[in-house]
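Protein chains in written order, with this note's numbering: chain A, 149 to 602; chain F, 5 to 315.
Careful: at least some of the hints might be erroneous.
Unchecked claim - Straight-line distance between alpha carbons at most 27 Å, and here's what the computed BS3-like set of lysine-lysine pairs gives:
no.	chain 1	residue 1	chain 2	residue 2
1	F	Lys-250	A	Lys-246
2	A	Lys-599	F	Lys-250
3	A	Lys-498	A	Lys-342
4	A	Lys-363	A	Lys-342
5	A	Lys-237	A	Lys-498
6	A	Lys-476	A	Lys-418
7	A	Lys-551	A	Lys-329
8	A	Lys-342	A	Lys-451
9	F	Lys-81	A	Lys-599
Honestly, the hints are just simulated from the structure, not real lab data.
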Amino acid sequence: MKANDPSNGLFDYYMNRRRLIQSAGAAGLALAAANRLSGIAGAQEITFSREFEGTTLNALMEDLLETTLIEQMLPDFEALTGIKVQFEKVVYPVMHDKLVTQLAAGEGSGTYDFLEVDFYWVYEFARAGWVEELGLRVPDSGGAIDLTRYTDAVLAINSLVDGKNFFIPMYVYPMGLLYRKDLMEDQAFKDSYKTIAGIDLAMPTTVEEYVAVVKAINQINPGEMYGAAMQGMQGDPIVMEFCNYLFGVGGSFYNADVTAPSINDELGVKALTLYVDAMANGAQPGAANADLNDTGALWRQGKAFSSASYLFVLADAENMEDSQVKGKGAVTTMPGGSGLTGAWSWGVPKSSPNPDAAWEFIKWVESPDVAMKRALGGSVAAQKAPYDNPEYIAKYPWMAQVKDLVATGQGLPAVTKQAQLVEITGRHLSDAVSGGKAPQDAMDAAAEELKELL
Amino acid sequence: MSIPGTESQPNTAVNPPSRRATRVLFPFRIKMVLPTIFALLLIVGYPLVYSLWISLHDYDLTEGGIGDFVGLFNFGKVIRLDPFHTAAKNTAVLTVSVVVIELAFALGLALLLNQPGLRFKNVYLAILLIPLLVSPVAVGLIWRLLLHPDLGAINWALNGIGLPGQEWLGQQSTAMPTVIGVDAWHETSLLLVIILAGLTSLPKDPIEAATVDGANRWQIFSTITLPLLAPVMLVAMLIRMIAAMKTYDLIYILTSGGPGSSTETISFRIWKLGFTALDMGKAGAASILLLLVILAMTMILTRVMKIDFES
Numbered sequence: 149m150k151a152n153d154p155s156n157g158l159f160d161y162y163m164n165r166r167r168l169i170q171s172a173g174a175a176g177l178a179l180a181a182a183n184r185l186s187g188i189a190g191a192q193e194i195t196f197s198r199e200f201e202g203t204t205l206n207a208l209m210e211d212l213l214e215t216t217l218i219e220q221m222l223p224d225f226e227a228l229t230g231i232k233v234q235f236e237k238v239v240y241p242v243m244h245d246k247l248v249t250q251l252a253a254g255e256g257s258g259t260y261d262f263l264e265v266d267f268y269w270v271y272e273f274a275r276a277g278w279v280e281e282l283g284l285r286v287p288d289s290g291g292a293i294d295l296t297r298y299t300d301a302v303l304a305i306n307s308l309v310d311g312k313n314f315f316i317p318m319y320v321y322p323m324g325l326l327y328r329k330d331l332m333e334d335q336a337f338k339d340s341y342k343t344i345a346g347i348d349l350a351m352p353t354t355v356e357e358y359v360a361v362v363k364a365i366n367q368i369n370p371g372e373m374y375g376a377a378m379q380g381m382q383g384d385p386i387v388m389e390f391c392n393y394l395f396g397v398g399g400s401f402y403n404a405d406v407t408a409p410s411i412n413d414e415l416g417v418k419a420l421t422l423y424v425d426a427m428a429n430g431a432q433p434g435a436a437n438a439d440l441n442d443t444g445a446l447w448r449q450g451k452a453f454s455s456a457s458y459l460f461v462l463a464d465a466e467n468m469e470d471s472q473v474k475g476k477g478a479v480t481t482m483p484g485g486s487g488l489t490g491a492w493s494w495g496v497p498k499s500s501p502n503p504d505a506a507w508e509f510i511k512w513v514e515s516p517d518v519a520m521k522r523a524l525g526g527s528v529a530a531q532k533a534p535y536d537n538p539e540y541i542a543k544y545p546w547m548a549q550v551k552d553l554v555a556t557g558q559g560l561p562a563v564t565k566q567a568q569l570v571e572i573t574g575r576h577l578s579d580a581v582s583g584g585k586a587p588q589d590a591m592d593a594a595a596e597e598l599k600e601l602l
Numbered sequence: 005m006s007i008p009g010t011e012s013q014p015n016t017a018v019n020p021p022s023r024r025a026t027r028v029l030f031p032f033r034i035k036m037v038l039p040t041i042f043a044l045l046l047i048v049g050y051p052l053v054y055s056l057w058i059s060l061h062d063y064d065l066t067e068g069g070i071g072d073f074v075g076l077f078n079f080g081k082v083i084r085l086d087p088f089h090t091a092a093k094n095t096a097v098l099t100v101s102v103v104v105i106e107l108a109f110a111l112g113l114a115l116l117l118n119q120p121g122l123r124f125k126n127v128y129l130a131i132l133l134i135p136l137l138v139s140p141v142a143v144g145l146i147w148r149l150l151l152h153p154d155l156g157a158i159n160w161a162l163n164g165i166g167l168p169g170q171e172w173l174g175q176q177s178t179a180m181p182t183v184i185g186v187d188a189w190h191e192t193s194l195l196l197v198i199i200l201a202g203l204t205s206l207p208k209d210p211i212e213a214a215t216v217d218g219a220n221r222w223q224i225f226s227t228i229t230l231p232l233l234a235p236v237m238l239v240a241m242l243i244r245m246i247a248a249m250k251t252y253d254l255i256y257i258l259t260s261g262g263p264g265s266s267t268e269t270i271s272f273r274i275w276k277l278g279f280t281a282l283d284m285g286k287a288g289a290a291s292i293l294l295l296l297v298i299l300a301m302t303m304i305l306t307r308v309m310k311i312d313f314e315s
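Taking the hints into account, I'd like the entire structure generated from these sequences.
Structure, rendered in structure tokens:
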């Protein structure tokens, strides 16, 4: 079944969750039936304990496809272990606040038994002493968890803190350059582009070339086609997007030793200058206050030629009913060769009321069999194995790019308060794109505050 | 020496009946309000004292529990923070603007609704109260959609009459005025209810007497209605001012404090200090500073209005 086959009802979760669950039920049962009682990982049979039968685990989860996929498989986990799992599903912006108040509650006093941890919370949670070092539990997991199943890049982004594995990777969300492959092949579009730009339309290889391309495309059919869908809202949206420009020009937040900010050096200022230019002259109106919902909608409406965005935006465009761009999108590495890679991971807080039962869940959800099922359901797998599965690549052709995106991608610098780094940087970036400060002044001000985080 | 046979009689000269009644009733009155006092202490008093306590200590969530006593260090640090200055300025602009605008609109609407013989008054009032029934988060989401530069109804309507659309929330020059406008839409109804209640309870005699004496409508309004309404307006102004200084949810939904820091308020900055920077000591200090400012402004305003009223 092709990923953009409209009869594939498995992923229509945004519009009709009941239909999603019903339509996925048959597929889920079929997939689970062969492994009802245990998972198979090569020659080693993985088993799970019933020692915690009757326990109910609670977790705060982001309300996305990944959570829905796992939620559909929870009856299997309960059948195996007798442990019930309840997800409290929320939108991303409220997760950090809810987690922090729980994590600071003290040992055994929290509400959540295990955590879904975003990549820029890992240092904060680990260095604050709020989470267990899960790497210590891995050897006794009976093969359910094997860190060699993940690439070093993935482990570096959201598992390792100060050389220790505190978290188990869950899924990755690399960013890259989404673009309209159909327009790249459309002669009329290419001719219009050449009339404006004076040169042939070609995939940009540098950030400067990319900005020039989006500015030219913005003039082809103003109001109907924008060069780029951009998200300049202060905070997480603008910082995540800007990182692709920063890394693309070879810049960084801090120097190599992480002893001083470098975001206001020549490369950092260049990245911001290009970013401001792209937003002012190549993006949709109101980009300075747009978030991921806005850019995703614009992409699905077919009104953007490109977007430096998450891979799952492409996946959504292929699967959502209202999408006007099914089969028309593709992804490549950000011009300049490096973009941002984000990822989520599993953690067990010290405030967990049931840490051992929580570990049982993590063993199950990251066991090879379940991880493969999640991947085949549409997850951007953190483990290596799905990318060697022809069925996975056939179903989701863009997943073939993930290896390259993750291999060339970078996370945020290894400071404890990465959330504050995002807040500081986002504020000054927003100041620059809204005309409040010149790029150099904005980066100087950001550097001044980023120094305090060292 | 007491008179025999009168020892059991109470000395009413020293303890008149009213004082006895007071001694009997006073403990009962206290007992009746004790639960409320207890609830207030628990919900208001304890958090206030705790907030003051942590503001005087080094308390970073990533460094374990409450640290050393640092006195007023956190207060000094917060006051020197540039983002705090910006937030304070934004909060002042927002508060003054929304109080003045909403008070003016509410007064005007209340005067219109209070006209004698107005038909369908209850229907108008019900319609005007609708915004107040919508939660601030929903208000923010609705207006974010309406103000969308590309898909929003506001720009669509402007384009329809030949005017260019605006990036309402995406430009520093328009973001705060837009937030003020949205807040005015949401909160004017609250002041309308208070002022209308005040208007309907004003005595009619002075107004009738003024009318008989030949005063025109403006003279009646400025010399009789407004002064009589002053205490009610003071209450409305205080309620609105205190709430406006604590504005957080609307900012969170509409702009996240941006673009830049152009719409970041003190409450929003306090939240960032506490939950992003995880520095509870400074967040506590900023909260106490906000409280002190609100208390000071309340006292000043009360004094000024009282003097005006008495004069």
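* Asked: Holds or violated: Lys-551/A with Lys-329/A, Cα cutoff 27 Å?
  -> holds, 20 Å
* **Restraint check for Lys-363/A with Lys-342/A, where alpha carbons must lie at most 27 Å apart** => holds, 13 Å
* Sort out whether Lys-498/A lies within 27 Å of Lys-237/A, counting only the CA atoms. => holds, 21 Å
* Sort out whether Lys-599/A lies within 27 Å of Lys-81/F, counting only the CA atoms. => Holds, at about 16 Å.
* For the pair supplied as a hint, Lys-250/F and Lys-246/A, is the alpha-carbon distance within the 27 Å limit? -> Distance ~21 Å between Lys-250/F and Lys-246/A Cα, so the pair holds.
* If you draw a straight line from the CA of Lys-599/A to the CA of Lys-250/F, is it 27 Å or shorter? -> With a Cα-Cα distance of about 30 Å, the restraint between Lys-599/A and Lys-250/F is violated, given a limit of 27 Å.
* Asked: Going straight from one Cα to the other, do Lys-342/A and Lys-451/A come out at no more than 27 Å?
  -> Distance ~20 Å between Lys-342/A and Lys-451/A Cα, so the pair holds.
* Sort out whether Lys-418/A lies within 27 Å of Lys-476/A, counting only the CA atoms. => With a Cα-Cα distance of about 32 Å, the restraint between Lys-476/A and Lys-418/A is violated, given a limit of 27 Å.
* Quick one, are Lys-498/A and Lys-342/A close enough, alpha carbons at most 27 Å? -> violated, 60 Å
Checked against the numbered hints above, the structure breaks hints 2, 3 and 6 and satisfies the rest.
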